[in-house]
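*Asks:* From first to last, the protein sequence lines are chains A and B. In terms of the numbering used here, the numbers along the first sequence are unbroken and rise by one, the last being 222. In terms of the numbering used here, the numbers along the second sequence are unbroken and rise by one, the last being 469.
Everything labelled a hint here was simulated from the structure, so no lab data went into it. In this text, a Cβ means the ideal position worked out from N, Cα and C, and glycines have one as well. Careful: at least some of the hints might be erroneous.
[What the hints assert, rightly or not] Taking lysine-lysine and the BS3-like style, the derived pairs with C-alpha atoms no more than 30 Å apart in a straight line are:
#  : chain 1 : residue 1 : chain 2 : residue 2
1  : A       : Lys91     : B       : Lys333
2  : B       : Lys233    : A       : Lys90
3  : B       : Lys240    : A       : Lys90
4  : B       : Lys369    : B       : Lys448
5  : A       : Lys186    : B       : Lys464
6  : B       : Lys430    : A       : Lys91
7  : A       : Lys90     : B       : Lys312
8  : B       : Lys245    : B       : Lys314
9  : A       : Lys91     : B       : Lys312
10 : B       : Lys448    : A       : Lys186
11 : A       : Lys91     : A       : Lys193
12 : B       : Lys240    : A       : Lys193
13 : B       : Lys464    : A       : Lys90
14 : B       : Lys314    : B       : Lys327
15 : B       : Lys245    : A       : Lys90
16 : B       : Lys240    : B       : Lys312
17 : B       : Lys369    : A       : Lys186
18 : A       : Lys90     : B       : Lys271
19 : B       : Lys233    : A       : Lys91
20 : B       : Lys448    : A       : Lys91
21 : A       : Lys90     : B       : Lys247
22 : B       : Lys327    : B       : Lys369
23 : A       : Lys91     : B       : Lys314
24 : B       : Lys464    : B       : Lys369
25 : B       : Lys464    : A       : Lys150
26 : A       : Lys90     : B       : Lys369
27 : B       : Lys236    : A       : Lys90
28 : B       : Lys236    : A       : Lys91
29 : A       : Lys186    : A       : Lys91
30 : B       : Lys245    : A       : Lys143
31 : A       : Lys91     : B       : Lys245
32 : B       : Lys369    : A       : Lys91
33 : B       : Lys314    : B       : Lys240
34 : B       : Lys430    : B       : Lys464
35 : B       : Lys240    : A       : Lys91
36 : B       : Lys464    : A       : Lys193
[Claimed, not checked] Footprint (simulated), chain B over chain A, 3 or more residues, beta carbon under 8 Å:
#  : stretch
37 : 2-14
38 : 102-116
Chain residues, written in single-letter form:
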Amino acid sequence: MQFLSSSVGRKIVMAITGLMLLAFLVIHLFGNSLIYVGWINAYGEKLHSLPPVVWAFRLVMLCVFAVHIYFGVTLALENNAARPAPYAVKKNLRATFSGRTMIWTGLLIVVFLIYHLLHFTMRMTNPDISNSLDELGRLDVFKMVVFSFKNFAIAGVYIAAMMAIALHLSHGVQSFVQTFGLNSDKTIPTVEKAGTGVAIVLFLGYVSIPLVIILGIMNYKG
Amino acid sequence: MDLTLFVWRQKGPKDPGKLQEYKAKNISPDMSFLEMLDEVNEELVMEGKETIVFDHDCREGICGTCSQVINGIPHGGQERTTVCQLHMRKFKDGDTIYIEPWRAKAFPIVKDLIVDRSALDRIIQAGGYMSNHTGGAADANAILIPKPAAEMAMDAAECIGCGACVAACPNGSAMLFTAAKVTQLAMLPQGRIEAAQRVCVMTDAMLKEGFGNCTNHYECQAVCPKGIKVSFIAKLNREFIKAQLPL
Ligand code: HEM
Ligand code: FES
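Here chain A stands alone, though its shape is the one from the complex:
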């Protein structure tokens, strides 16, 4: 238990759970990309034919999220309390916007996640377009996604949320490398660039889907 009350121990927990969430984002992007090759309905069907696997995965994700959020919030509160009186003038030479807003981008991600689950997983926010079946009798995920993102408000929410995730990761990726103690003076600049790179690649990957739908490049012909 000493590990979980120590400063560095909790940082390492943040880094491990952050890395697991990052791994999930990569897997999830691969899943989403199946929309480009027309396999998204088949993918949805496959996942839902394996309830134990899906539920085990969801449980693990829930725990990872809960731990990351719990320690993220407590660390942020402690760090705030460590400087009760602010400076009249404070100039940061190195600290970045993304680094200083980790707790806020994190909390935005939580809000988005709740909406995202209500929208696509529980299909409660747009039941009219979210519950039809395709000609093979599978849930028509493709139709749900296309009709959702044709709505500017919904697409806008998703794109904004991806910005929050990209900001979170552009600090988070380089941060976990340092937390795991893998840095030397030589590696830090490269690791920082790579972290931004990972954030940008994931951002472009995720945002491409609402974008091609808004632009009418991908459409539903039913």
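Let chain A serve as the given structure and place chain B with the ligands on it in line with the hints.
*Replies:* Just chain B with the ligands now, with coordinates in the frame of chain A:
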């Protein structure tokens, strides 16, 4: 040159304190920043007012006593420079300069620009040492130390404990300070014996004193007058992980 200063004045730990405006007139560009404040203080003495209280000792950048946040940057923003080594030629005639104390919960303000930094001493007391047996003087080269290890230990030992890292850190963390001592001792064979215990008790002591946690902003390295690097924090993290392993 003539300058407008906004200086933090606070009568004591309980006083709310406020920024007060002063004029610094006829300042020579060759003066150090502290000499400039000495001039302002002389004026204040003439006027029968209370002088601005600030910490200083060696005035040659080695003791780590001087401690002022100048225009939002601890030690004023000149690379690898303490306030006492900062010169007025870095400023322009007519400049406005904000001068504040280190701000952190763990550094209570004593008066004006002086803070109590004994929290850093208590981090050292917790484990920033190595235990040695006394006795006859040991042979100088009895324990061999590889050159790169000795160099790294010496680089870490450059820390003068001024606390600028804490003052700059958005989280008020003393991680760079702690990491410098952990690294210095962990690099040397004599220090390895207590290494695992040391990294744990020192980081725990840091938290207990009310410092924040490191979130890898690296703001500390940017202001450190001695060029202590955040790669030492990576080293501390490695030492911490090693300390958790059963071997
Ligand atoms: C898509 C989901 C998320 C991913 C991929 C992610 C990833 C990461 C990563 C990689 C780090 C760096 C860990 C380190 O410093 O070693 C981090 C830090 C952090 N995360 Fe997240 N995170 C996610 C969601 C959240 C959420 C929902 C919160 C809500 C509070 C949050 C709050 C934080 C905070 C406050 C930090 C800074 C902690 C620190 O640097 O010490 N994150 N995150
Ligand atoms: S007074 Fe000694 S370092 Fe500045």
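*Asks:* Now tell me if each hint is right for this structure.
*Replies:* Okay, the hints, checked on the actual structure:
1. A:Lys91 <-> B:Lys333: It holds: about 23 Å lies between the C-alpha atoms, which stays within 30 Å.
2. B:Lys233 <-> A:Lys90: Holds, at about 23 Å.
3. B:Lys240 <-> A:Lys90: 16 Å, holds
4. B:Lys369 <-> B:Lys448: Holds, at roughly 21 Å.
5. A:Lys186 <-> B:Lys464: 22 Å, holds
6. B:Lys430 <-> A:Lys91: It holds: about 27 Å lies between the C-alpha atoms, which stays within 30 Å.
7. A:Lys90 <-> B:Lys312: Holds - the C-alpha atoms of Lys312 of chain B and Lys90 of chain A are around 19 Å apart, at most 30 Å.
8. B:Lys245 <-> B:Lys314: 14 Å, holds
9. A:Lys91 <-> B:Lys312: Holds. Lys91 of chain A to Lys312 of chain B sits at ~17 Å (cutoff 30 Å).
10. B:Lys448 <-> A:Lys186: 19 Å, holds
11. A:Lys91 <-> A:Lys193: Within the cut-off at roughly 23 Å; holds.
12. B:Lys240 <-> A:Lys193: Distance of about 41 Å is beyond 30 Å: violated.
13. B:Lys464 <-> A:Lys90: 36 Å, violated
14. B:Lys314 <-> B:Lys327: 34 Å, violated
15. B:Lys245 <-> A:Lys90: 22 Å, holds
16. B:Lys240 <-> B:Lys312: Roughly 26 Å separates the two Cα atoms, so the pair holds.
17. B:Lys369 <-> A:Lys186: 19 Å, holds
18. A:Lys90 <-> B:Lys271: Holds, at roughly 29 Å.
19. B:Lys233 <-> A:Lys91: 26 Å, holds
20. B:Lys448 <-> A:Lys91: 20 Å, holds
21. A:Lys90 <-> B:Lys247: 25 Å, holds
22. B:Lys327 <-> B:Lys369: Cα-Cα ~39 Å, so violated.
23. A:Lys91 <-> B:Lys314: 19 Å, holds
24. B:Lys464 <-> B:Lys369: 23 Å, holds
25. B:Lys464 <-> A:Lys150: 52 Å, violated
26. A:Lys90 <-> B:Lys369: 40 Å, violated
27. B:Lys236 <-> A:Lys90: Holds, because 23 Å separates the two Cα atoms, which is no more than 30 Å.
28. B:Lys236 <-> A:Lys91: 27 Å, holds
29. A:Lys186 <-> A:Lys91: Holds, because 26 Å separates the two Cα atoms, which is no more than 30 Å.
30. B:Lys245 <-> A:Lys143: With Cα atoms ~71 Å apart, Lys245 of chain B and Lys143 of chain A exceed 30 Å; violated.
31. A:Lys91 <-> B:Lys245: 23 Å, holds
32. B:Lys369 <-> A:Lys91: Answer violated: Lys369 of chain B to Lys91 of chain A is near 38 Å, above 30 Å.
33. B:Lys314 <-> B:Lys240: 25 Å, holds
34. B:Lys430 <-> B:Lys464: 22 Å, holds
35. B:Lys240 <-> A:Lys91: 19 Å, holds
36. B:Lys464 <-> A:Lys193: Distance of about 28 Å is within 30 Å: holds.
37. 2-14: Our answer is that it holds, as 9 residues pass the Cβ test (under 8 Å) against chain B, meeting three.
38. 102-116: violated (count 1)
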